[in-house]
Structures are given as structure tokens and as C-alpha cells.
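Colleague: For reference, the chains in residue letters:
4 protein chains.
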Amino acid sequence: MTNINSSIPIALIGAGRIGKIHAGNASRNPALNLKYIVDGYQLARDDVTAATGAEEASLAQVFADDSIKGIIIASSTDTHADLIEQGARAGKIIFCEKPVDLDLSRVDQCLKTVEENSVPLLVGFNRRYDPHFSALHRRLKNGEIGTIEQIVITSRDPSPPPAEYIAVSGGIFRDMTIHDFDMARWLLDSKIISIQATGSCMVDPAIGEQGDIDTAIIVLKTESGAICSIINSRRAVYGYDQRIEAFGSKGLLQVANVTEDQVSAITPQGMTGPRIGNFFLERYAAAYEQEMNHFADVLKGTATPLTTGHDGRQALALAEAALRSLKTGKTIFL
Amino acid sequence: MTNINSSIPIALIGAGRIGKIHAGNASRNPALNLKYIVDGYQLARDDVTAATGAEEASLAQVFADDSIKGIIIASSTDTHADLIEQGARAGKIIFCEKPVDLDLSRVDQCLKTVEENSVPLLVGFNRRYDPHFSALHRRLKNGEIGTIEQIVITSRDPSPPPAEYIAVSGGIFRDMTIHDFDMARWLLDSKIISIQATGSCMVDPAIGEQGDIDTAIIVLKTESGAICSIINSRRAVYGYDQRIEAFGSKGLLQVANVTEDQVSAITPQGMTGPRIGNFFLERYAAAYEQEMNHFADVLKGTATPLTTGHDGRQALALAEAALRSLKTGKTIFL
Amino acid sequence: MTNINSSIPIALIGAGRIGKIHAGNASRNPALNLKYIVDGYQLARDDVTAATGAEEASLAQVFADDSIKGIIIASSTDTHADLIEQGARAGKIIFCEKPVDLDLSRVDQCLKTVEENSVPLLVGFNRRYDPHFSALHRRLKNGEIGTIEQIVITSRDPSPPPAEYIAVSGGIFRDMTIHDFDMARWLLDSKIISIQATGSCMVDPAIGEQGDIDTAIIVLKTESGAICSIINSRRAVYGYDQRIEAFGSKGLLQVANVTEDQVSAITPQGMTGPRIGNFFLERYAAAYEQEMNHFADVLKGTATPLTTGHDGRQALALAEAALRSLKTGKTIFL
Amino acid sequence: MTNINSSIPIALIGAGRIGKIHAGNASRNPALNLKYIVDGYQLARDDVTAATGAEEASLAQVFADDSIKGIIIASSTDTHADLIEQGARAGKIIFCEKPVDLDLSRVDQCLKTVEENSVPLLVGFNRRYDPHFSALHRRLKNGEIGTIEQIVITSRDPSPPPAEYIAVSGGIFRDMTIHDFDMARWLLDSKIISIQATGSCMVDPAIGEQGDIDTAIIVLKTESGAICSIINSRRAVYGYDQRIEAFGSKGLLQVANVTEDQVSAITPQGMTGPRIGNFFLERYAAAYEQEMNHFADVLKGTATPLTTGHDGRQALALAEAALRSLKTGKTIFL
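Residue numbers (this note's numbering), protein chains in the order written: chain A, 132 to 465; chain B, 132 to 465; chain C, 132 to 465; chain D, 132 to 465.
In case anyone wonders, no lab produced these hints; they're calculated from the structure.
Careful: at least some of the hints might be erroneous.
No distinction is drawn between identical chains; accordingly, a pair holds when it is met within one copy or between any pair of copies.
Claimed, not checked - Here are the simulated DSS-like pairs of lysine-lysine, each with C-alpha atoms no more than 25 angstroms apart in a straight line: (1) Lys-431 <-> Lys-200; (2) Lys-322 <-> Lys-458; (3) Lys-322 <-> Lys-381.
Here chain A stands alone, though its shape is the one from the complex (with noise of 0.2 angstroms):
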């Protein structure tokens, strides 16, 4: 049902799992009309163009095509940095998924590009526009619960990545828990001022081996005084678990896990509820389509990002801090 006339030319490149929710998104999405695809695998290419009616390019032609307003980046990580760089001196406005790189100082200096060129970016943290975490993140806001005192944020993955990608992730913090640096910034609304690290490997050998950890617990503090609290596992057996419990001065907040579906059964067993949500995809489905309709805002013109370049830079500082932190035993003070 979209609007030929009045919708606005974009281009996605990286066509893999999370490009294909993109595309599909952007593609239903009245406001854009998502022309190129770009991508190095045929068969990816293939199956999002017969999907959303695009066409495939390389990205000479995306960059070079003044009638593409903006990009969607869904390639592989080590590829970001570039890509938002290229896109912004070709003056399109970027939705990057995250991180913008691995590395600190390479971050730095491509959000200075980005800043010359003067052109918005937006950083895929999809679980800020999760209706869920929203209502909570609204709730806070509107001063529920009085002032925040204590934060807590269960992640658990449903399963470990395989140890080829462990190589590439940058490790637990900067891969995994980034995503709730991110939740814990937003939420808490007071600097962090410090972070302790405690980690261990329980789940799978071989990412020890790796020198990575799979089982790790966090604590921030802000400036203001509140604590907040990040539970991580690499493998949770009952699925995706992503809850948040929001601690102040009148109350509480919790947001309960996503489940499959509303059916309980009751047998001499005991109660048994539905199952949750089996990972990111199912679990963020409707985060992933209302950060679409905001990339169209902001390509509309009639937003600015709520996840910026800064917000990645910030959550990866605090990834690196983290790292310190499980290293030295320290407290690390920012």
C-alpha cells in the first residue's frame, strides 16, 4: 500500500538475517520505498529483491544515486565504520545497525566524519524502541516510581554463538551486554560514574578458550546514587530472556517477558504458562518495524535519532570499562 508518488527512495546493504527484517519493514512501510539492495551473496540479494520488488546495485551506484535519502547498514561489523563514512560524505542520512566498530578510537573518528558532513545517524539499538521497554522507559519518565534507586536488566541469550563468531564479537560486553549498556544509559537518566565486572565461563568451554566469558554480572553506578544491575548468560534453555525491573522511591516497575501465546494448562503437574519468545527476531519484532517508522521520521524530517552515534560510542566505552574491570578487579571509575 505504498504511495509511490510521495515515498522516499532508500537503499539496504547487507542482505542477511537481520537485513532481510529490515527490508521486509522498510518495504511495508508507506513513507519509504526501498529501491536498492546491495549485497555480496547472490542468493541473499535474490530473495529480498523477489520479496520487496527492489532492485539489486553495487554501492558505487547507491552512493552515486542523488535520489537515495538514506541508507540502511545490516552488513557485517568490521564493515560499519566504513560504510557510515562513505554514506555520510555522500550526504545520506544513516541507520546503522550496531556497533559502529569494535574499536573505541575508530568510532571516535567516524562519528567526526559524520559530524562534518552534518548528517543524522541513527544507531541500531532496536530494544529502545521495544513497545514494552518504551512504556517503561515513558513510566519512568512521567516520575511512577518516584525517583530511580535500582536497576535491574536480565539478558539471556538462548544459546551461545558458535566459536568462529566469538573470534569476531569483540567479546561478551562489547557483542552481547552492549545492548544493555545501552537500556541501563537510557533508563537511569544520571551519568555512570562507575562500573564493576564480575564474569566466568559456564557454558562453553571453548569461549574460554577464546578468553571470552559467557556468564557475567555487571554494576553500574550514577552520579546520582542509583545502582543498576546487568545479569548476563550466553544460554538461557527457556528461550530469550529479557526482563527489566526498575526499583524507586514510590515503587516498582517489571517488564515480564513476550510470551508465544496467552494458553496456560494446569494438570497435577503444576501451572504451566506459555513458553517465551525463542530469540531477537520473534522478541523484537515490533521494536524492529517502530525503528523502521523512525528511520522515516527521520528521513521525513520530522525527527532527530533517539539512538545516536553518541549513544554507540558511549555503550561500547562502557563495554571497554567493563573488560577493564573483570581484568583487574577494580572498580573502574569513569
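Could you slot chains B, C and D onto chain A? The hints should help.
Modeller: Then chains B, C and D, alone, in the frame of chain A:
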């Protein structure tokens, strides 16, 4: 993301509240091509044509256009039977909102015409397409709770319709309970042999003045001995209350209400969970989408209607029996 | 911790399952002095005297001993009316397990004797003393949900009694539903004017062979227009299912089952909550204690019975009407 | 219902708030004969003697009376170690409220005396006797969730104690968190090797003025690699928040708060569940009863203390380590 070449051209008749929902779902379904919209009200039609890219058309155009394979009838109840018959004679595959008609003999006549013309007819009992109730149905079929012995359907609207609607509604049993009768028939899976109804007017005296009721409990019994209670009210101040409980020889299955989000608060007043959705357009959004997907399958010839004209007829027959029970104080044996 | 000097001497007649519960609660209540136990079975009596320090006695002793102010009748149903009459003539304050008798005219005769002797009679409708149902009743009285429009009582036993018990039980309505009739009367707080019953035998053919049913749904209507549905089964494999839902013009109140503990598990199969209690001795432990506290207050003269002989009579009358409705298929107007 | 002949004579020292709870449970336990109450305040002592039938006595009388087999120490913290030592020398079996002392070396000295006199010492870590946490512990031992990887203990008091109490409390870790340290030790079942603490004063500036904190998150790590987070606050406006979550290789176990009843309301504002209990006397009523039953078993010689002086010592050692971590910003390795 419609693939224009292979999608099936269809027309929508009636562009009111529910018509717009169907228009949206049809236009998002890649297998369908919503070509025409027919509606007496210019304004409603314009809305939908603008949103979907469909053209406005007259009834005559729709029936005369051989490229149109299917029609969606979402106009007022009194036009349903006529339009079904015209559609059937024109060889269209039909999706008609419930009810076929408020009069049982008119329904029978209409279904005869459908049969003579051998066109598939899908009657819009949307709840069978709801993922939560579908999951319940599937689990009952799988024998998870053994023999079905009792079913309790709680079905309460958020607020009563205006008196002028009541006047043409056919009464609560034909208008509102008809969905619950269909659900009971589907879940019980044994011939219903008797029905008892108890009712009163507690919500709005204007409803009583029209000879109708707004508060009712109906009890059905099947050949197998299973007993079903339907709990109806025209006004639940807390929202659209749609729950089902199935009790069997091996346990209990419960479908809870769908909530707006997963956020709860705990304050000195207790734990406050999220609100339940307001009304059927929100509660059954996924069901309407699934229903349209199913209609697409019927159009493609890969499925036969899950909810047929016969289902519509039988639910109406139960509504009439309930009315007789209410008036006579007797159990009606079917 | 009984203060011997001020506690009130009482006797227990019948030291079976429920008699033992009452003996325990009486002996732990500092206002009561359980002096005598009467029971035909030496063994049962010995158990209770050992546990409580009470003496064994004959009926004659109990009635002749003027120091005995109150008696608890927990013997078999067929002895209740006689013992109440003897107790009343002896001037004892009486706590009798339900029912007074299975025959309505015998109940009326018995209550006449009680009235003539002006002794308080407390009939053991234990559920009114349950803290959860008490809270519901209090909140309904406080008008929290406005005018009561519908009540749904779910009341399922964990397993059917043996056939020999069925034979002397008076049937499901007099034996089991009688508790629900009392609860309905208490909560509805408006004269019940009609009743309809639907039943079948689905659990145990031996029950059907005795002319009884094991699965039933009963619908009551009050003068105010409120409608109540009672959902009964003799067998819920998952435990003793005791829930009530009250629906009114301002909202809904729900009493959930009481669970064994607060521990839940989440596994790949879903969330599994705690089990519900097995049967009435566990589920209503607090209710039995409160009931005995209330009896102590009646003995002290600071309260009149919350559950009277009249309540017992009215619940039995509803049971008889339900039976007539079941047999005739007609609504019975009271 | 005490059997005077076989019950074991004991004495209670300290008849304040918690002393009264123990007096009540002891007098209701048929195996115990609460003979003496020792308390400096006439009024408190009179209350308890009146309620239980115990006699008032001096400390000297209690220690000199050879018939007294056990003592319950519920006096102020600064008297615990002395009374334990006197009791041990007099050969009494001892139940002492936590902590043994606020000073670790004093605790060690006291435990040495206990050991030399070979008397059983039960330290009042009441939470281990709670049926909900006991069920969690049992299910963890049964391997229901496989290897324990993470534990999150949420433990928040309803309101902060007065400043004068804070002054003698030993600080939040020794006074409040000590219960959570014991729970962590019990559930983790692997040697704790490191501890980190983060804290702030957000609830009451008067607490900060005393050099104490009221908001804290502590992280423990065990030899096995398991990590535990303790979430503490001195003030949860919604009541006494006592929850535990255990995460393992096969799933998750959660202990929810205990609610006042099972009644929920649904109104236009959402679903409102029941309130959680106010404070430890209500929340742990069943635990105190079980604890006394266990002490009776220790007195009878059929059990050894579940919560020993060593447990008290180790929890205190964790409190001291937490304090050092808080002050230095370092992980403390044990």
C-alpha cells in the same frame, strides 16, 4: 511488497470500520491484489482507496469483471445474503462478515444458492483465526487434557452499542453470542443437544426497552455429556474480556486476556498489571490478518474455508434456540 | 497456652477426619477448653484424646454435664438433626457440620426445635470463613465493583468419592454443590428467584448407576437481575479447584486458587507454577481455624453465627430445586 | 495441647518483638514446655507470661535449673555472645537470634566456648526455614535446573529503621544483608571466593550521616564460577520484597513474594493483584514456626542445627569483606 503478476484480484464491498481492517490486511498480503472498493459513502471509500491504491467501483463493475476472483463483503448485515447470492451467481469466491442473515430461513435459501453455484464461502468468525484460541483448539485436538468435560467462555464487550444499533442487531444472541456459539461448536467437537439461557437487563435500560437483554449466561450440552457455559455482558468497564477455559479428564487449559504490554507496577496499593485491549479491532488484529491469509489460501485453491456458511447457519440456530429458552424458561432440545 | 480459668468447656461428637481438624483448632484456641470427645470408634477417639488432652465420654455424659457450654457435631450426616435437637434441649450452643439433614422437612422440624430452645446454631459452611473469600465478600460489600451482575463459582473436587459414599450422599447437589449454593447466596446478596441445572456423568459410570451425576453447571438468577453460574466436577486431576469471579458495573474481582508455595520454574517446556492444594483439609485449613474462632465468639456471646441453620436450610432448598430442574429440563422459580 | 509429661522444659531470654514470636511458637509446640521468661522489662515479660503460662525468672535461675534443657536467646545483639557462653557452660542447648556478635573475633571466641562445652547452637537464620525458600533449596539439590550459574536475591525492607538503631546495627551488611549472605551460601553450595559491593545513600540522609548506606548491590562469585547478585534497599514502599531467582544449565527457578490473599481486581486501570506482606513477622511466620519445630528436634536429639554458629560466623565474614570492597572499590578475594 506485492508481486503484481501473481497476485489474485479481489474487491471489497463496504469500507466501514471492519472493511478498513480487511482492506489493510488484503493490501499487505502479497498473494492478493485489492483492485476495487465499493461503498455508498464517498468519504469512507476515499480513505481506503488512498491507503491501499485500490480503485472505487460499483457493484455492477465488480460482478461483471471476470478478473475479480474473490469478494469481501463487509457491508451492513441486511445486505449480506443478497450480496452473497449475487457473488455466487457471478462465480466469485466469497468472504462475508458474520452473520449471513438474521433470519434462519433466509440463511438457508442463501446457502442453497451458494451450493448450486459451487463457490467457496468463508463466513467471518474471526475468533477461530486468533492465535491464542487456535493454540487452544490444537491442544484440545492433541488430547492434552483428555476428554473435554466442561468449557467456560467468558465474552464481555467493553461497552453497549447505541440503542439504534440494538434495534437492528437481532438481539444479543444473534449479534454477540453468535461468536461464542461458533467457538463452542468448534471446541466441543460433539453435537450440541440442548441449550438453556438466562438473561437480564442490568447495563442499559434502553436495551431492555427494545425487548433485549445485556447480561446473559447460556448453558449448552453435547451428545458426549460435555457442558459449556457462555458468560456474556454488553459492558465490562475494564475492556474487552475474552477468555476461554477448557476442562478435561487430564487437566485444564486456559486462554487469558491479551494485555497491552508486559509492564506491571507494584506500589503500596498492590501489584498492577497491564490493561487488556479495548475492543475487537485491537484484540483480534492478528486474527483478522490470519483470516485474510486463509482467504488467500482459499482463493489459491490450497484450502477450503475453515468457517463455512453452514457454521454461520448453525450458530444462528443456537441463537434462536437460546432465545426460545430465555422466553419459555425451558431447556431447548435440538 | 490455654488459660484454664477462663476458657469455655466444650465437647466434640465425632472424631473422624473433620472432627480431628476441629479438635486441633479447639485445643489451640485459648478461649476454648475441649473437655470431652464422643465417638463410637475407640481408635479415632484415642487419637484425639491423646493429641488434645480431652477425656472420652458418652453422649449422655456430655448432655448431662452443665459445665459444657457448647458442642461440635462432626459425626455422620444421618445423626446431625437428632444431635442438634438433643443439644438444643440440653441448652448447648451448637456447631454442626453441614448438612443439618438431607431431607428438607426434617431440617425444618429440627430448626423449629432449635428455635424453641433459643440456642445459637452455627452450621459449618467453612468457606465463608476462608480469608480469600472473606476478602472478596468484604470488597463486594464495600462496593468496589459497583452493582453485582455476574458471579462464576468454579468448584471441582480432586477425585470422586467411592460409590458407597455416593449412595448416602444425597447426590452431588446436596453433598457438594450445597457449599457453592451457600457461597452464591452470601455473595449475591439479593433473593435468588430461579435456578436451572444441567448435568451429566462423565467421570465415573458407578456414579451414574446410582442415578447421580458428576459433572454439572447450574445457573441462578436473583431478583436484582444478577446471574450466577456454578461449575462443578467431581474430579479435577490437578487438585482442588476453588475459584470465584465476581463481575460488576465497575469491574471484576477474582479469587485464584491457593498454591502450595510461591516457587515457579521456567524450562524449555514453559513456565511451571506451583501446584494447587490437594483437598479441603489443606485448602481450608485457615478457614477451619477462623470458623472455630468464630464459634468461640458465639460461645462468649460476642457474636451471633455467621452461618445459621436457616442458611443450611436455604442451601438445601436450592439443591432440591436444582434436582427438579435437572429432571424436568425446566427453570425452577423459587 | 501440650503433653506435660514428655515435653522439654526451656527458657526464653528477651521478650521483645521477636521474643514474643518465639514464645508463641514454643508454647504451641507439644514437644516444648516454655517454663521461664527472662526480660528486664516487667511489662514485656508480663505480656508473655500471661499469654503462655510461663513463669518469670532471673538469668541465674535459668542457668541453675538443671531441668531446663534449652534456652532461646532473643535479647539485644550486644548480649548474645555472653549469653551463649553462659548457656554453653551451663550445658544448655541454645537457639540464638542472629548475629552471634557484630565483631568477628568475638564470634570466634564465643564459638570456641560453645565447642569446648559440646552444646548444639542454632543461629536464627529464619529464612532457611521458610517453606518457599526450602522448596527452592530442595529443588536445586535435586538438580532440577542442572548446574547453578547465577542467583539473584532481591531483599528490600519496607522502611528504614530509626537513626538510633542504625548507630548500633553494625551497618547494612552486618544487620540486613547478613540474611542474604547466609541464603547465598546455602543455595550456592560452592565456596565463595570473591565479593564486590556497590552502595549509596538514597533513602534517608540520616543513614548517610552515620557513615552507613541504604541502597546496595553486592556480587559474589564461587569456586564453581557461579555468580550471585544481592539487591538491597532499606525502603520498598510496597512492602517487604523477598524474592530469589536461581538460574542454571537446565532452567530457572523463581520464588515470588508471598501475598496477603489470592484476590485480584480488574478495573479500567488494569489488573490489581493482592498486596505483599508488610514485614518479616508476617512474611516469615511459617518460617519461625518451622525454626522452633527444628529446635525441638535438636533438643530431642533427632536433628543437628541446620543453621550453626559457623554459618553465623561465615555470613559475618562476608559482611566485613563487603564493607572493605565498598570502601576500597576493589574485589575482595576470600
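Colleague: The structure should be examined with respect to each hint, and the outcome stated for every one.
Modeller: Comparing the hints with the structure gives:
For a Cα distance limit of 25 angstroms, the shortest separation of Lys-431 from Lys-200 inside one copy, 10 angstroms, qualifies, whereas the shortest one across copies, 38 angstroms, does not. In the homo-oligomer, the alpha carbons of Lys-322 and Lys-458 lie at most 25 angstroms apart both inside one protomer (24 angstroms) and across protomers (21 angstroms), since each shortest distance falls under that limit. For the homomeric pair Lys-322 and Lys-381, the shortest alpha-carbon distance inside one copy (22 angstroms) is at most 25 angstroms, but the shortest distance between copies (37 angstroms) is not.
The earlier numbered hints are all upheld by this structure, with none contradicted.
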